[in-house]
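Colleague: Sequence:
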Amino acid sequence: MPSHLIRDTNYDAATRTLSVWLVTSENRYDYEDVPPETYAAFRRAFSKGRFFNAHIRNRFTYRISKEE
Numbered sequence: 003m004p005s006h007l008i009r010d011t012n013y014d015a016a017t018r019t020l021s022v023w024l025v026t027s028e029n030r031y032d033y034e035d036v037p038p039e040t041y042a043a044f045r046r047a048f049s050k051g052r053f054f055n056a057h058i059r060n061r062f063t064y065r066i067s068k069e070e
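Reminder that position 32 of the sequence shown reads as 34 in the working numbering, one-by-one numbering, no gaps.
Honestly, I wouldn't trust all of these hints.
[As the list claims (entries may be wrong)] Cβ pair distances, simulated, as ranges: (1) 68 / 47: 25 to 31 Å; (2) 68 / 46: 28 to 34 Å; (3) 51 / 28: 15 to 21 Å; (4) 14 / 59: 14 to 20 Å; (5) 63 / 26: 19 to 25 Å; (6) 49 / 27: 18 to 24 Å; (7) 10 / 43: 29 to 35 Å; (8) 68 / 39: 18 to 24 Å.
No lab work stands behind these hints: they were computed from the structure. Positions of the beta carbon are idealized from the N, C-alpha and C atoms, including for glycine.
Given only the sequences and the hints, what does the whole structure look like? Please build it.
Modeller: Written out as structure tokens, the structure reads:
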């Protein structure tokens, strides 16, 4: 999953939470209530950063957690 914006992701289907670690931050961003279809499209996207900016960032409620 090479991306200039996104370092790593994790999706919990049970809670519909998408966790995103950005290259430019030490924080984890947990996006709430992300539909599985959106996550599947994100995984298939050629440009993960563009998809993230267009379809996830600023569209879902999120929490910020510091990395441990």
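Colleague: Regarding residue 63 and residue 26, is the given constraint of 19 to 25 Å on their beta-carbon distance met?
Modeller: With Cβ atoms ~21 Å apart, the hint holds.
Colleague: So does residue 10 sit 29 to 35 Å from residue 43, Cβ to Cβ?
Modeller: The hinted range 29 to 35 Å is violated for residue 10 and residue 43, with Cβ atoms some 18 Å apart.
Colleague: The hint says 14 to 20 Å between residue 14 and residue 59; measuring C-beta to C-beta, is that right?
Modeller: 19 Å, holds
Colleague: With 18 to 24 Å as the target window, see if residue 68 and residue 39 comply at their CB atoms.
Modeller: 30 Å, violated
Colleague: Indicate whether the distance between the beta carbons of residue 68 and residue 47 respects the range 25 to 31 Å.
Modeller: 27 Å, holds
Colleague: Quick check on a hinted range of 15 to 21 Å for residue 51 and residue 28, using CB atoms only.
Modeller: 18 Å, holds
Colleague: So does residue 49 sit 18 to 24 Å from residue 27, Cβ to Cβ?
Modeller: 19 Å, holds
Colleague: When you take the CB atoms of residue 68 and residue 46, is the distance between them in 28 to 34 Å?
Modeller: 30 Å, holds
Hints 7 and 8, counting from the list given before, are not met by this structure.
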